[in-house]
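There are 2 protein chains.
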Amino acid sequence: MKRDLTIALDAMGGDNAPGIVIRGAELARVRYPDAKFLLFGDQMQLNPLLKSKPELASVSSVRHTADFVSGDEKPTVALRKGRKSSMQLAVNAIRDGEAQCIVSAGNTGALMAISKVTLRMLPGINRPAICALCPTEIGDSAMLDLGANIECDPDNLLQFGVLGAAYVRTVLGIEKPTVGLLNVGEEEVKGGDVVKKAAILLREPNLPFDFKGFVEGDDIGKGTVNVFVVDGFTGNLMLKSIEGTVKLYTEYLRWAFGSTLFSKVAGFLAKGAFKRLKARIDPRSYNGATFLGLNGIVVKSHGSADGFGFANAVGVGADMVKNGLNKIITKEIASYTEQRSKMSEAAKTDVL
Amino acid sequence: MKRDLTIALDAMGGDNAPGIVIRGAELARVRYPDAKFLLFGDQMQLNPLLKSKPELASVSSVRHTADFVSGDEKPTVALRKGRKSSMQLAVNAIRDGEAQCIVSAGNTGALMAISKVTLRMLPGINRPAICALCPTEIGDSAMLDLGANIECDPDNLLQFGVLGAAYVRTVLGIEKPTVGLLNVGEEEVKGGDVVKKAAILLREPNLPFDFKGFVEGDDIGKGTVNVFVVDGFTGNLMLKSIEGTVKLYTEYLRWAFGSTLFSKVAGFLAKGAFKRLKARIDPRSYNGATFLGLNGIVVKSHGSADGFGFANAVGVGADMVKNGLNKIITKEIASYTEQRSKMSEAAKTDVL
Numbered sequence: 001m002k003r004d005l006t007i008a009l010d011a012m013g014g015d016n017a018p019g020i021v022i023r024g025a026e027l028a029r030v031r032y033p034d035a036k037f038l039l040f041g042d043q044m045q046l047n048p049l050l051k052s053k054p055e056l057a058s059v060s061s062v063r064h065t066a067d068f069v070s071g072d073e074k075p076t077v078a079l080r081k082g083r084k085s086s087m088q089l090a091v092n093a094i095r096d097g098e099a100q101c102i103v104s105a106g107n108t109g110a111l112m113a114i115s116k117v118t119l120r121m122l123p124g125i126n127r128p129a130i131c132a133l134c135p136t137e138i139g140d141s142a143m144l145d146l147g148a149n150i151e152c153d154p155d156n157l158l159q160f161g162v163l164g165a166a167y168v169r170t171v172l173g174i175e176k177p178t179v180g181l182l183n184v185g186e187e188e189v190k191g192g193d194v195v196k197k198a199a200i201l202l203r204e205p206n207l208p209f210d211f212k213g214f215v216e217g218d219d220i221g222k223g224t225v226n227v228f229v230v231d232g233f234t235g236n237l238m239l240k241s242i243e244g245t246v247k248l249y250t251e252y253l254r255w256a257f258g259s260t261l262f263s264k265v266a267g268f269l270a271k272g273a274f275k276r277l278k279a280r281i282d283p284r285s286y287n288g289a290t291f292l293g294l295n296g297i298v299v300k301s302h303g304s305a306d307g308f309g310f311a312n313a314v315g316v317g318a319d320m321v322k323n324g325l326n327k328i329i330t331k332e333i334a335s336y337t338e339q340r341s342k343m344s345e346a347a348k349t350d351v352l
Numbered sequence: 001m002k003r004d005l006t007i008a009l010d011a012m013g014g015d016n017a018p019g020i021v022i023r024g025a026e027l028a029r030v031r032y033p034d035a036k037f038l039l040f041g042d043q044m045q046l047n048p049l050l051k052s053k054p055e056l057a058s059v060s061s062v063r064h065t066a067d068f069v070s071g072d073e074k075p076t077v078a079l080r081k082g083r084k085s086s087m088q089l090a091v092n093a094i095r096d097g098e099a100q101c102i103v104s105a106g107n108t109g110a111l112m113a114i115s116k117v118t119l120r121m122l123p124g125i126n127r128p129a130i131c132a133l134c135p136t137e138i139g140d141s142a143m144l145d146l147g148a149n150i151e152c153d154p155d156n157l158l159q160f161g162v163l164g165a166a167y168v169r170t171v172l173g174i175e176k177p178t179v180g181l182l183n184v185g186e187e188e189v190k191g192g193d194v195v196k197k198a199a200i201l202l203r204e205p206n207l208p209f210d211f212k213g214f215v216e217g218d219d220i221g222k223g224t225v226n227v228f229v230v231d232g233f234t235g236n237l238m239l240k241s242i243e244g245t246v247k248l249y250t251e252y253l254r255w256a257f258g259s260t261l262f263s264k265v266a267g268f269l270a271k272g273a274f275k276r277l278k279a280r281i282d283p284r285s286y287n288g289a290t291f292l293g294l295n296g297i298v299v300k301s302h303g304s305a306d307g308f309g310f311a312n313a314v315g316v317g318a319d320m321v322k323n324g325l326n327k328i329i330t331k332e333i334a335s336y337t338e339q340r341s342k343m344s345e346a347a348k349t350d351v352l
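Protein chains in written order, with my numbering: chain Y, 1 to 352; chain E, 1 to 352.
Quick caveat, the hints were computed from the structure, so don't treat them as lab data. Treat the hints with care, since some could be wrong.
The list cannot tell twin chains apart, which means a pair is met if one copy fits it or any two copies do.
[Unchecked claim] SDA-like mimics (lysine to any residue), calculated; alpha carbons at most 20 Å apart, straight line:
# : residue 1 : residue 2
1 : K176      : P75
2 : K190      : P75
3 : K264      : R276
4 : K197      : I150
5 : K247      : P283
6 : K222      : E251
Just need the whole structure built from these sequences, with the hints factored in.
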């Protein structure tokens, strides 16, 4: 069955909107020739940009609004005052069935608040999580939560496991994903109460993944598991320190090759190697974090993304639509919930 | 005034003990010609190793014990059963004034437990923190806690600020260090209750550092502040994901330069650049985490350190002894405590 693929874009979100949104959509159109775009934003700015891209224009509709959510707006303010913001209208398009996913490079907190209120959770999920892929020695792994939930309880962490596993199954095609719970050590005695209790839940039988127990911070680079589960406070700080380390290393590399004339020449000869390296660590290739657990597909692009990066974020959304991610998650959560209530019924019978 | 510098070494701690301990001590002896060493461990193994290093042997005494703490021993077991372990005896040497610092590459949890019970806290400090230096774009910064305290309250985080500031002042010679509190965003509304309350405490006047508010994960690479304060759960996961990222990047670099014959040749010509790079990112140069807040100087080396790495850990301890770190911390905590009680007295008077 061919699925509709209409993508709602918050054309006014991000540091370089709407320019990068249009450039990103044009690049995504080439990769997804059956995609249509709904662009929410200021038509005075959008129409001239579309004029120079007739092929994109032919598969796009502009929905005019002058309002937008600024980068430093508090989520609560964005929710209350921004009823006609490009972000809110773009999310409405998912709720109303006009589009199958929405991509925004705008304010993360506002996008999460608007999405939660407008789309609600999938049945059986208490809180959405921000999930992204990260490169490892042996392929990509998913990591969540990256900042939606500062504090998490064991049930949240269990649900993140289910969400992350469904995500890598659909997006990376891994049949039975492995899941690890990030902690300060691998031994069962390590960590606080929340991770210990979460580990017990994650070990329950019949979950749609293979739980590998506790994993540590350096397991991410090694790709020890397909899904790394962590609370949003720690996950956000880890993700950003990984990004910072990549920048620092690149800086050092530039310095090492720029120190002497000889190494400059060597660096010039190594242009091919550097190009390969760049392609592999380019953060733009990893742009596009997903809000998992919502009743609708929401993708957040980095605020500073360029067109290439934004196109990758659009691709993340398009792939999830094509693979029917949310149907899979709903099915898995339902089957797990049923399993659990059967188990607790059985436990009651045993007692009697 | 010339200070005594006797260093107690847990000669049996670490993956490659006692060989790397002896090699590390020999390297450290060259850098600290006035240092003396107390080696705790199995004389049957230590004496032959020392025989081949007569200069080290001339400034070392071996204190024989056959017991040692294994890498996977629970801290409580190490404490209870390990009264004669090389680790416990080496820590005792600090308590008894026989040595000014102790270095171990053994089990971190056991070393922390033994150190806390044997040495106790400095006055005014509730909990010790693990602190290490990390490289940044503009020099080194300190980060703590790296795993001693899974859960922290606002007072702990404030004390980590005081401890970290005293550390960089003595070890890096920074007169008025800047301190940042790691959080998921820079705005005051971000984060949970603990970091918000800690930020209020850290903003109090007359603290011996300049508090810069919240900082994010990528600020570490940038070196935005001299001291990064964080709870031990998050700090440990961040540190290890930074280490993992450095390894992953190095792996990618090797791959990029090994992909074609041409890039192999370029890589050969770039040997000098790679050497400079390696010197800058070598984790061995950053070996040696300090347990701050204890009434005694305790340094933990990576368990897998080689002689060069272990010598650096010895250097961390030696520098702290030479600079009288714990006296500075005690003075600063006392002055801050006095300040605070005056403030609360004044507040009472105001109310009356």
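| message | Checking each numbered hint in turn, tell me which of them this model violates, lowest number first. | response | 1
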